[in-house]
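Those protein sequence lines, which keep their order, are chains A and B. Under this note's numbering, read the first sequence as residues 1 to 139, first letter to last. Under this note's numbering, read the second sequence as residues 1001 to 1272, first letter to last.
Keep in mind that the hints were calculated from the coordinates and are not lab data. By construction, the Cβ of each residue, glycine as well, lies at the ideal position given by its N, Cα and C atoms. Among the clues, some could well be false.
Said to hold, decoys possible - Okay, derived cross-link-like pairs now, BS3-like style, lysine-lysine, Cα gap no bigger than 25 angstroms in a straight line: (1) K1137(B) / K82(A); (2) K1119(B) / K1135(B); (3) K28(A) / K111(A); (4) K1135(B) / K82(A); (5) K1082(B) / K1119(B); (6) K28(A) / K1010(B); (7) K14(A) / K28(A); (8) K1208(B) / K28(A); (9) K1211(B) / K28(A); (10) K82(A) / K1211(B); (11) K1082(B) / K1190(B); (12) K1208(B) / K82(A); (13) K82(A) / K1119(B); (14) K28(A) / K1135(B).
To be verified - Taking beta-carbon pairs under 10 angstroms as the criterion, some of the chain B residues facing chain A (in silico): (15) I1083; (16) R1089; (17) G1091; (18) E1132; (19) F1133; (20) K1137; (21) F1180; (22) F1183; (23) E1184; (24) A1186; (25) A1187; (26) P1196; (27) E1200; (28) Y1203; (29) R1217.
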Amino acid sequence: MRLALDLDRVSQLKLLKVYSWLAQFTDKLELFITSVDEDGGEHYHIVAHNLPELPENLFYEFRRALHDDIIRVWLDETLHGKPEQVLFARRVPMDTRKPRTRWRLYSILWKPFWSRLPTRKHYKPRKFLLSRDKIEKTV
Amino acid sequence: MTGVGLPEPKITVSLSEYMSEVRYFRTLRDERRRLYRLWGRYASLWRWYRRPEDLARLREVISKIFANRRKEREAREVFRRKIKAPYWRIGVAYMFRKETKRPPYLFYAEFRKTVYTRKPEKYAVWNPSTREFDKPKPWLEEELREIMFASSLISRRTKSGEIAHGEWIEALSKLKVYPFPDFEAAAIDKREVEAPLDTEQYYVRIQKGTKEVYEYRTEEVEGWLRTYRLWLMEAAKRGYIRYPDRWRRVVRQTSLDDFARWWEEHKRKEEE
Chain A
1 MRLALDLDRV
11 SQLKLLKVYS
21 WLAQFTDKLE
31 LFITSVDEDG
41 GEHYHIVAHN
51 LPELPENLFY
61 EFRRALHDDI
71 IRVWLDETLH
81 GKPEQVLFAR
91 RVPMDTRKPR
101 TRWRLYSILW
111 KPFWSRLPTR
121 KHYKPRKFLL
131 SRDKIEKTV
Chain B
1001 MTGVGLPEPK
1011 ITVSLSEYMS
1021 EVRYFRTLRD
1031 ERRRLYRLWG
1041 RYASLWRWYR
1051 RPEDLARLRE
1061 VISKIFANRR
1071 KEREAREVFR
1081 RKIKAPYWRI
1091 GVAYMFRKET
1101 KRPPYLFYAE
1111 FRKTVYTRKP
1121 EKYAVWNPST
1131 REFDKPKPWL
1141 EEELREIMFA
1151 SSLISRRTKS
1161 GEIAHGEWIE
1171 ALSKLKVYPF
1181 PDFEAAAIDK
1191 REVEAPLDTE
1201 QYYVRIQKGT
1211 KEVYEYRTEE
1221 VEGWLRTYRL
1231 WLMEAAKRGY
1241 IRYPDRWRRV
1251 VRQTSLDDFA
1261 RWWEEHKRKE
1271 EE
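Bound conformation, chain B alone (with noise of 0.2 angstroms):
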């Protein structure tokens, strides 16, 4: 396609999407073998009995036969552009950032979870037409968002009474300016993979300023999820949640600006 030496760009596909490539290529020979065997049938036919009819099937088996190879050509010549990638790492990640000089100031948060897998349909949603993964399936967001919830419950008091440095709603509720998630799927070596597959890793950071700066791994925020969820069966328990399952999807599904917003009433109430 360059036409100058260069190499044709590649599209890096899973496994499974190159196996049903195989098995599509595998469908079209089949039914090819099935036109061959007719041809010769209504050739036969037309040759000893005269029949226009079989003429017509005959002219119409041999220009489906050529549909079909013609079909062929046109998804081998994408097929030789791929190459099958095992491993791949899925991520989604909220990354906020600002900075001001006068008065020194700066805020970055940070929530990232991680998949390797084998199988990243399963993950994210495929583009046939730019042939890519641009899209991360909506549970896997909405996880994102349950974890920053959790973060924001449990930081809301410290045991001593005080709001906790991870009051990160706080300084985004002031900004006006709320961070989208950012996808990634990206086909990786072997010995990239860094954890085991299928299974989510998280990663938060949230920094105050140079020196305060905080980091979170996978444990500490499962449990995070872990308290919010006995948290929420004590409400659920004691009456002040009815339906904890509802309550819990709502939270999955509200946007960092709904949020931010519940957040503000949330205080001003407080306040009164």
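Isolated chain A (complex conformation) (with noise of 0.2 angstroms):
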């Protein structure tokens, strides 16, 4: 089964929480950024290839609780004859009319985590390292 989610304005920790959620079923993930908006709400999609079967209506409850963007899970669900899980690779906004077009992230984690202190210290010197000169001394 292949699922097909656009994230609207999510953190980057909820885009994690799915993605890592998704990657326990299935190795086969897409991930795009479609756009950022001025305030740094980002958009994501996210599609997964040889996911478990399920059955229909368990399928747009699990698209729901994966943060999938509601409207579009409610049309799939009643408008039927059209085409489902539509995801635009190219899209023209109506305020600018540019063609937009989406990037593939290569990596999930493309932004760094940003704390703080860091948690320990990069570099810690080791012991032998510490007593070279005392070895020296000796020999």
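Make the complex out of the two chains shown on their own, each in a separate frame, by following the hints.
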């Protein structure tokens, strides 16, 4: 089963959460960033292939649980006969009217996780390096 | 690449793309076999005759082998991430929505065209740098415009003479902002294929307010196109349109902005 998620204005942590949930079920995952809003809200696409099969009602629940765009899920649920799980690779927004393509992310950890202080020292001098002088002296 | 136990992002490719990659590896292997043969040949020549040009050739062949192996390694690094996707869905859509609270007004127009196929490169352009289909072939977009024009042509007047509901260009030309086609190319499962392969599926939705919703499917839209072509043939026969093929091409290549501008002028002339 294929799952296409449209994550609008999600935080990096939520993106990581969804991605790692999906990574438990499949290793065939595609990740895209579509746009970044002026206030910093980020929009992502995740496509997961080879997921285990789910019944239809559960499938929509699953998508909602993974923070998919709820209007999109609702459209897929109610409007049959038109293609489901649509993700536009090229979108032309009405305001700027410039075609906008999404960018593939080759790593989920594409952004640094900012913290106020480093969790540990980056470099820890080894004991034998400290004692080298002593060794030389003794020899 | 991720390095923390998370899976690498994959690249979905069509079967033909995958096979062309396989063929590329085969040519590399054959080339390498040839180079190994030459290696032995020049090595033995150098051993028996000690000619400096043989040594030069030998070194060249060896460096070529290394280059060949490097090329293969680089290609395989990408190839490892590729997934064969037998079924694809290519979609182009004009979507437009305008809503105002006061006065209560809603207009929504959607013209969608979908093709299910095994060969997406027939309908979309592959971008090698991003490694995905990011543009439709121009004729796909043109056909969508033709549908829009045909629908407008048919819906201009009903038999009673009044303007029919589908006068979407009327609504658009007031608003002065026009939709542009959005594009989708997705690798899909077999069970998501909802129509025979390589046949265009159309979906048109015109909505005015919350109650007036008009939906049209493939058969109806094909009917529009048929009547449009008949109308064109008729006009050509009577001599109103001199070159119907050229006329049709112009319609296909006219952007929505130009069409709306033409419509405004057309209305003004009719009033005069």
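Verification of the supplied hints:
| no. | hint | verdict |
| --- | --- | --- |
| 1 | K1137(B) / K82(A) | holds, 22 angstroms |
| 2 | K1119(B) / K1135(B) | holds, 15 angstroms |
| 3 | K28(A) / K111(A) | holds, 21 angstroms |
| 4 | K1135(B) / K82(A) | holds, 21 angstroms |
| 5 | K1082(B) / K1119(B) | holds, 16 angstroms |
| 6 | K28(A) / K1010(B) | holds, 6 angstroms |
| 7 | K14(A) / K28(A) | holds, 19 angstroms |
| 8 | K1208(B) / K28(A) | violated, 42 angstroms |
| 9 | K1211(B) / K28(A) | violated, 43 angstroms |
| 10 | K82(A) / K1211(B) | holds, 20 angstroms |
| 11 | K1082(B) / K1190(B) | holds, 18 angstroms |
| 12 | K1208(B) / K82(A) | holds, 20 angstroms |
| 13 | K82(A) / K1119(B) | holds, 21 angstroms |
| 14 | K28(A) / K1135(B) | holds, 24 angstroms |
| 15 | I1083 | holds, 6 angstroms |
| 16 | R1089 | holds, 6 angstroms |
| 17 | G1091 | holds, 6 angstroms |
| 18 | E1132 | holds, 7 angstroms |
| 19 | F1133 | holds, 7 angstroms |
| 20 | K1137 | violated, 13 angstroms |
| 21 | F1180 | holds, 3 angstroms |
| 22 | F1183 | holds, 4 angstroms |
| 23 | E1184 | holds, 5 angstroms |
| 24 | A1186 | holds, 6 angstroms |
| 25 | A1187 | holds, 7 angstroms |
| 26 | P1196 | violated, 15 angstroms |
| 27 | E1200 | violated, 13 angstroms |
| 28 | Y1203 | holds, 5 angstroms |
| 29 | R1217 | holds, 7 angstroms |
Of the hints listed earlier, those the structure fails to meet are numbers 8, 9, 20, 26, 27, in rising order.
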